[in-house]
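S.K.: Using the sequences provided together with the hints, build the complete structure.
Protein sequences appear in the order of chains A and B. Just so you know, the first sequence maps onto residues 15 to 377 in our numbering. Just so you know, the second sequence maps onto residues 274 to 617 in our numbering.
Be aware that one or more of the hints could be misleading.
As the list claims (entries may be wrong) - With a Cα cut of at most 20 Å, we get these calculated EDC-like pairs of lysine to aspartate or glutamate: (1) A:K60 to B:D506; (2) A:K60 to B:E357; (3) A:K60 to B:D350; (4) A:K210 to A:D83; (5) A:K349 to A:E285.
Simulated from the structure, these hints should not be mistaken for lab results.
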Amino acid sequence: MDIRISKIIAFFLALFSVQCSSVSTNSGNENQNEEENSVWSIPEDKVFIGQGRDGIASIDDPKFEQSGDIDFINDGDLITAIQIGNDIRGYPNVILNYHEIVNDRVNDVPVAVTYCPLTGSGLAWNRVVNGVETTFGVSGFIYKNNLIAYDRETESYWSQMLNGAVAGSMEGESRENYRLIEMTFKAWKDAYPNGKVLSGITGFDLNYTIFPYGDYRTNNNNILFPIEREDDRLERKARTHGIFYSQNLVVFPISAFSDEGTVINSTYSGEDVVVAGMAKDELVVSYSRSLEDGTTLEFSQTGEPLPAIMQDDEGTVWSVFGEALSGPREGEMLKQIPSYNSYWFGWVDFYGTSPRTPVIQIP
Amino acid sequence: MALRQELLLFKFPDAMRYLSKIAALAMFFGLCGFVLQLQAQTCSCAGAPLVSSQSEGTVGKGAFLIGYTFDYKNISDLYNGSNELINNTVQRNTSTSLLELHYGISDRFAVTTTLSYVNKFRETGLHLGSSSQKLRTTGVGDAMLLIKYNLHPQTVFEQYQVIIGAGIKAPLGVSSMRNNGFLLNADMQPGTGAWDGVLWMYSSKTLPGINTELFMSNSFRYSGTNERFSSDDRYRFGNEFVTSAGAGGTLFRDFSYSMAVGFRTAASDTRNSAVMPDTGGSWLTVNPALITPLPLLNSAFVQLSGNIPVYQYVKGTQPTISYTLSASLFIGFGGEKLLGITDF
Numbered sequence: 015m016d017i018r019i020s021k022i023i024a025f026f027l028a029l030f031s032v033q034c035s036s037v038s039t040n041s042g043n044e045n046q047n048e049e050e051n052s053v054w055s056i057p058e059d060k061v062f063i064g065q066g067r068d069g070i071a072s073i074d075d076p077k078f079e080q081s082g083d084i085d086f087i088n089d090g091d092l093i094t095a096i097q098i099g100n101d102i103r104g105y106p107n108v109i110l111n112y113h114e115i116v117n118d119r120v121n122d123v124p125v126a127v128t129y130c131p132l133t134g135s136g137l138a139w140n141r142v143v144n145g146v147e148t149t150f151g152v153s154g155f156i157y158k159n160n161l162i163a164y165d166r167e168t169e170s171y172w173s174q175m176l177n178g179a180v181a182g183s184m185e186g187e188s189r190e191n192y193r194l195i196e197m198t199f200k201a202w203k204d205a206y207p208n209g210k211v212l213s214g215i216t217g218f219d220l221n222y223t224i225f226p227y228g229d230y231r232t233n234n235n236n237i238l239f240p241i242e243r244e245d246d247r248l249e250r251k252a253r254t255h256g257i258f259y260s261q262n263l264v265v266f267p268i269s270a271f272s273d274e275g276t277v278i279n280s281t282y283s284g285e286d287v288v289v290a291g292m293a294k295d296e297l298v299v300s301y302s303r304s305l306e307d308g309t310t311l312e313f314s315q316t317g318e319p320l321p322a323i324m325q326d327d328e329g330t331v332w333s334v335f336g337e338a339l340s341g342p343r344e345g346e347m348l349k350q351i352p353s354y355n356s357y358w359f360g361w362v363d364f365y366g367t368s369p370r371t372p373v374i375q376i377p
Numbered sequence: 274m275a276l277r278q279e280l281l282l283f284k285f286p287d288a289m290r291y292l293s294k295i296a297a298l299a300m301f302f303g304l305c306g307f308v309l310q311l312q313a314q315t316c317s318c319a320g321a322p323l324v325s326s327q328s329e330g331t332v333g334k335g336a337f338l339i340g341y342t343f344d345y346k347n348i349s350d351l352y353n354g355s356n357e358l359i360n361n362t363v364q365r366n367t368s369t370s371l372l373e374l375h376y377g378i379s380d381r382f383a384v385t386t387t388l389s390y391v392n393k394f395r396e397t398g399l400h401l402g403s404s405s406q407k408l409r410t411t412g413v414g415d416a417m418l419l420i421k422y423n424l425h426p427q428t429v430f431e432q433y434q435v436i437i438g439a440g441i442k443a444p445l446g447v448s449s450m451r452n453n454g455f456l457l458n459a460d461m462q463p464g465t466g467a468w469d470g471v472l473w474m475y476s477s478k479t480l481p482g483i484n485t486e487l488f489m490s491n492s493f494r495y496s497g498t499n500e501r502f503s504s505d506d507r508y509r510f511g512n513e514f515v516t517s518a519g520a521g522g523t524l525f526r527d528f529s530y531s532m533a534v535g536f537r538t539a540a541s542d543t544r545n546s547a548v549m550p551d552t553g554g555s556w557l558t559v560n561p562a563l564i565t566p567l568p569l570l571n572s573a574f575v576q577l578s579g580n581i582p583v584y585q586y587v588k589g590t591q592p593t594i595s596y597t598l599s600a601s602l603f604i605g606f607g608g609e610k611l612l613g614i615t616d617f
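M.R.: This is how it looks when you write it as structure tokens:
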């Protein structure tokens, strides 16, 4: 090879290798990198980066329509619903699948409705962080296939299923929850025919009729990020309702409830709990049976249509949100207990197989 | 094809006549370098676009061809199936430097090596204005080695050729890049982490009466698997098939052109055999190219080309390529054998 060729090759190689491997980030918010670099309370090697911060856009200016005006949701699709005071709202999961967080104000309470399509879990958080009303966004981080949100006030990172901050100045803090339930859209329409439903006009041009993760909901082998713990007592994607008590967790497979309705009165570590659900509506709710006046109620099925789901031994009929619809305690609310829905594999991966093996209770 | 044709045309460089071209090219490469430094970036797929960026043809015995290509892909469009959506949240681009080395082992056998340097950029949260987050990754990408065999060399009397090739794509690029300790998504990694097999074919037919050459190229990449998250984790990018067909000829004395229709289809990625959502699809593009010899150097050429999507179908919802711009510089050594035309 003559010297001219050697020089030309050297030139190309120099041009080619002018840079070395690197990764860099830049944000308009100065706190961001600082928070990313802070100590995380969860194993950092188990945290993955998905689509980047706000690559999944939260809905920060939600619009609502009446249930009857919604035409892009099938009857069998799920809707996530909240009640604060007399304000009842539904958030179609077909929209939540794409946005994961809706920053809303319900009964004038600042609320972030969070939903993770990979774990099928939904929690409603108060949006006041460090004394300041803020909004939550999708951080782009994933922990155990579950959403890590960030608040736009302190830039702290919040694990949804842990219900607490895992990095940043708020690390160790937990969030106040509101009663958030899931049911089919048909059940919602039956329960609240004039209820407010998050509009499909979100400001983002997305096709909400298509689930964004393919066959993820039904294919038990389709898991996007690693899972550490397995428990084959249920299928990975079995939809379940979990209740926390003391340091333990009891899980109810939603499909195991009867179509007509099943009501379970239980006591977990001294906490009296009622669990009610209907498989055909993919609806399971749980509340405390203990009232502030010291009464412990016994619940049973009710013949009343939705939103009624159970009645107590005093003759009061209670709604899916735990509100007394009629009877001697009309207007009262049952006390919330820490509970929400998730795919089975989510519970197992978060809460382990030992020593906190989730207890499965078949209704 | 156009590149080889240009080699035939280029005989008597006139330095003064090409000064303006040199200035323009210097500006272009300067701009490329500027973009390279400032931006970095991403494609909706991982790694470098090695298969789709392969130059065409081969070289004859003892000939040596070196090429540098700067390839810029703007990935700002958002599609659901074949429907374009308004994308106001994420912007991406990928710029890749490709270094090609072609060497003719014999009159029919040649070897081509392609090295890559990848520069990916992703900006998310565009709808939030100044709070958007920019992520940039750069690094050596994967490399490809092809052995080419000229089944039917072109001659004066039989002015067509058929070249086939086979090779491997080696995972030289990093596929486990982390940001602040957190593993980045596959589409932001410079490399794929997998050994792939590649089949390649090129054919052309010269129509001397109208000073035109028809050509077609096909390539197929069979993807291997990588251990994305752990040693027992199997992530596999979808197989890829790229084809293009078109025609080229002399435009002016110093310029030649080609215009091709390209089609690329990629299967969905899988992880542990489960299909990954929002991966895979098909793209139909128009690929124009303009080629001109470079003065002062014998057998040196510059090619400017682009890919303009005319139809795409993506699985699920994906960001996809808005356009591709490429600039290449080729310098050859080996006289007429550079062309692979050995039998006059």
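S.K.: Are there hints from earlier that the structure breaks, and if so, what are their numbers?
M.R.: Those not satisfied are hints 2 and 3.
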